[in-house]
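There are 2 protein chains.
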Amino acid sequence: MFFTKFLIVAWLFHVQSTIALESDETNNVNACNLPQSLIKEIDSYEPFVHAIINETLHGSFKGITWNELAYFVDTFGPRFTGTTVLERSIDYVLNKSMEFGLENVHGESVSVPHWVRGKESATLLKPRHKNIALLGLGTSVGTPPEGITAKVIVVDSFEELEDRKHEVPGKIVVFNEKYISYGETVKYRSKGATEASKYGAVAALIRSVTPYSLYTPHTGMQRYDENVSKIPVACITAEDASLFRRMSDRGTVLEINLKMQAKNLPNKVSRNVIAELKGSKTPEKVVVISGHIDSWDVGQGAMDDGGGAFISMIMWTGEEVGIVGANHYIKNHKSEEKNLQFVLESDSGTFMPLGFQVTGTEEVKCILERIMKLFSIVGNLTIRSPSGGPDIASWVNAGVPGGSFWSQDETYFNYHHTNADTMLVENPQALDKGTALFAALSYVLAELSVDLPHHK
Amino acid sequence: MFFTKFLIVAWLFHVQSTIALESDETNNVNACNLPQSLIKEIDSYEPFVHAIINETLHGSFKGITWNELAYFVDTFGPRFTGTTVLERSIDYVLNKSMEFGLENVHGESVSVPHWVRGKESATLLKPRHKNIALLGLGTSVGTPPEGITAKVIVVDSFEELEDRKHEVPGKIVVFNEKYISYGETVKYRSKGATEASKYGAVAALIRSVTPYSLYTPHTGMQRYDENVSKIPVACITAEDASLFRRMSDRGTVLEINLKMQAKNLPNKVSRNVIAELKGSKTPEKVVVISGHIDSWDVGQGAMDDGGGAFISMIMWTGEEVGIVGANHYIKNHKSEEKNLQFVLESDSGTFMPLGFQVTGTEEVKCILERIMKLFSIVGNLTIRSPSGGPDIASWVNAGVPGGSFWSQDETYFNYHHTNADTMLVENPQALDKGTALFAALSYVLAELSVDLPHHK
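Respectively, the protein sequence lines represent chains A and B. Using full-length UniProt numbering, read the first sequence as starting at 1 and increasing by one per residue. Using full-length UniProt numbering, read the second sequence as starting at 1 and increasing by one per residue.
There could be a bad hint or two in this list.
Note that the list lumps identical chains together, so a pair holds whenever it fits in one copy or between two copies.
List time: in silico DSS-like cross-link candidates among lysine-lysine, alpha-carbon distance up to 27 Å [unchecked claim]: (1) K119 with K130; (2) K263 with K178; (3) K278 with K365; (4) K338 with K263; (5) K338 with K456; (6) K119 with K40; (7) K96 with K456; (8) K62 with K130; (9) K187 with K198; (10) K130 with K259; (11) K96 with K126; (12) K268 with K130; (13) K96 with K130; (14) K119 with K259; (15) K178 with K62; (16) K165 with K338; (17) K187 with K230; (18) K198 with K334; (19) K331 with K456; (20) K278 with K198; (21) K151 with K230; (22) K165 with K278; (23) K263 with K130.
In case anyone wonders, no lab produced these hints; they're calculated from the structure. Quick caveat, the model's predicted, so the values are computed rather than measured.
Isolated chain A, as found in the complex (with noise of 0.2 Å):
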C-alpha cells in the first residue's frame, strides 16, 4: 500500500522526472462526457507511462519481475498460513522493500488461523486395490490413525446426493460433479463436507475444480456448518472421480480407506506487509496496489499469487485462509477509507495483460477506460466489470473505487492450488507488461487532479 499521491513502483519512481511532458493532441473522443480538461490532463501522462512502458519492457528493468519472484519462490517454496516459512518470506520482502527505498516500510500483525494438512492417502479397496491421490482440504478435520474405511456414493450434484440421501449414512460421498467454471462449480470443494454430513457420510472426496486434470489434485478451503458433524473431506482428481462414478454405475460397490492427519492448530500471528511512497501534495490520499504473499502448501504459489504480489510488491498475508489479511486491515483502517483515491489487486494470474476489471461509478469507468488508451504499446487494454479482486472486495463494497488485473488466464484453474503452480506458469514478458501496467496506472492515478468519487 502506497499512502501518495505521487505514487509509483519503487524501482521506476526515477523515471518521471527525467521524461519531458509532451501534448497529445489526438486522442481526444470523449464518448463517456468526461469534462474536456480531465480529458486534456489525462492524455498529458502519455509521455510518463510511455517511459515507464519502455524502462519495464525494453530498458534496465526487463525480466526483474520474473528474476526477482523465481528467487523468492525457489527459495520459500510454499508459503502457507500458520508456517515459519511465511514469516521469513514477509521479513525478505520487509528488508527488500527499505533496499529499494520505500517509505514506512512494516508489517502489520493479524491473526490468522492455522491448518495443518499432515500425511494424507487414501487407497481403493474394493473392487480393486489403486492409491487415489488427495488433497485434503482446509479447516478439515482429519480421520482416526487407521484411517476410515467405508464403502462409497458417488454423486454428481447435491440434487443428486438430495435424491439419494437414504443411501448415504456411514458412507463416504464422492462428488462427481461437472466443471462449469470456479465461480459456479467451487461450491461442492466449499460445501460438499457440509452438505454430505447432513445426511449421515463419514467423509467426503471432492472431484477437483478444474477445467483440466493431469490426474492433478487441487487444494482449496472448505466450510463447515455450524449444526453438522465435522467429517474428513479431501479433492481427489478428476480421473479418480470418473472412474469411481463409471465403477458404481456398473452396479460394483467400491470400498475406500482415507487417512488424513489433519489438523486445526490454535491461531497463529502473521504480517501485512506494508510499504509506502509518499507524495508531497496531498499525502493523505492513497493508491492502493495489492497481491497476496500467503500461498497454498503445494507448489510454489508463482501465480497464486507470487505474480500478483509482485507486480505490485505489496502484499497481504492469510488470502488463501479467508481472505484474513486484508480483511483485517481493512477493518483496522476504516477512517482512512475516505482517502483511499484507488484500490488495486492482483490475483488472478499475471498472464498477458487484457486490462482491468473495475467497479465504481460510471465517471471512474471513464476515466480508466480513457487512461488505457495511454497503454496501447502494450495491446489494446480494456477495462470491464465488476471487479474480481477477494482482497480488495471489502473496500470495494464499501464504496471504494477498485480494479484487479485481467490477463489471458485461461489456464489458470489447472494451475490453481496444485503442485503445478510453479514458476513454468510465469512468462518474463508477461510479468514485464503487468509490472509496468500496475507501475504506469498507480502513477496516473495518484498524479490526478480530481479524487475519484466513491460509489454507493
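Based on these hints, arrange chain B on the given structure of chain A.
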C-alpha cells in the same frame, strides 16, 4: 491378427452381406496412374464402407468401443508386463474374442522382461526440504534401502554433460533438457543413465519427456550400455528439473536423497492375443490389425494403448518393455510373411482421425489414397509417410506394406506413460470413428483382388 482375405472386425462382419453393391461413377480422377479397373474396384466398395461407418457411428455399435474399453481398463487397471493382471486381462480378451465369434482365438506365448518398480521416493535435502515427484524408468536398478544421498549437477544436454564431466563424479545428474519432440528428446530418458554413469555419476534424474506438465512425472524404458555401471534412473517433473536448474545457476549447492526399490527379475511368460476371421477365396492371405494390450504400471493404459487395442481387438503383449510380443511373433511367423497383404497398427492415440501413416511402394500409397476417398463421410482423411507403428516396424522393415492410425494427437505426450492416461483422454465419437476406419480399411484391403506389392 486376422488370417483372411475377407477381413472385417468381427462384430461388423454381418454388414457386408446385407448391403447391395452400388456403382460409384463420380470419383475417377487418378493422379497416381492406378489402372482404371483397380480404381473402379476400389470405388465399388463405397457402399460397404459407408454401411460399416454408418453402423459404427450412428447405428447399433455407436459408443460400444468406448464402453467396452472403459469396462476393460476400469476393471483391470494398468496391465504391466510380468504382472498377473496383464495375463488376466489377456484371458478376458481371449474369451471376449470367442464370444464375438472370431476364429482360431488363442494366445501365443512369449518370454517378457519382468521389471518391478517397488516403492520410490526422492527428497531435496539442500538448500531446503522438498518432496520430488518421480517415476523410475524400466530396467533401472534400485538404490540401497537408505537411498543414495549426493550433491547434484544440472545439465541441459549431453553436450553440457561432456563439457562439465569433471564435475560429475559422485553426483546425481539432473537432465533438464528442452522438449523438442518425443522423437528427438526421448534420448535423454533412454540414455541419460548411461551417459551420466560414464562420467562417474551415482544416479540420474531426467526431466519428463513432455510438452506440458501439471507437475506430472512420466515413466518409460531406458537402456544401459554394456560397459557402464548401472546407476538408478528416474524421470522427475519439468517443474522440479527447471527449479533445480535455476537454483544451481544461482550457485546454490543441491543435495538429493533418492530411494528406489526397483528390481529386474527373471523373465515371465506372457501372450500375444491372436484372433482370426478366415476368408473363403484365399484364406492364406492376411491383413493384420493390431494394437498392444500391455501398458505401463501407472494410469489405466486407456490411451497407450487401450484405445488402439480396442479399435483393433487384436493385441500384442510386452510393447512397453521393448516391442517384445510383436517382434517374437514376427520372427516365429517369418514363413507367412509373403502372404501379408497389409499390416495395421494403432499406438499413437485414438483421437479424431486424420488418416493413416503408411510405408510401402508408390502403388500401395496410391491405393490407400484412393481408399481414403471412400471415407469422406468421416472427414478429409489423408495418407502420409512413413508408418509410425512400433509393433509392426519389423514387418515394415522387411518390406511388408504397413500403416498406423493417425489422429489429432497433439496432446498425446501430455498423458503418455503417466497416471493421467485414463478414460478421460478417450472420446466416444473419436473411438467410434477409429473403429469404423480400421474395420472398413481392413475390409477393403482384404476384399481387393490385387496383392499389394512388398517394398524393398
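Checklist entry - Failing hints, ascending? => result 2, 4, 6, 7, 8, 16, 18, 20, 22
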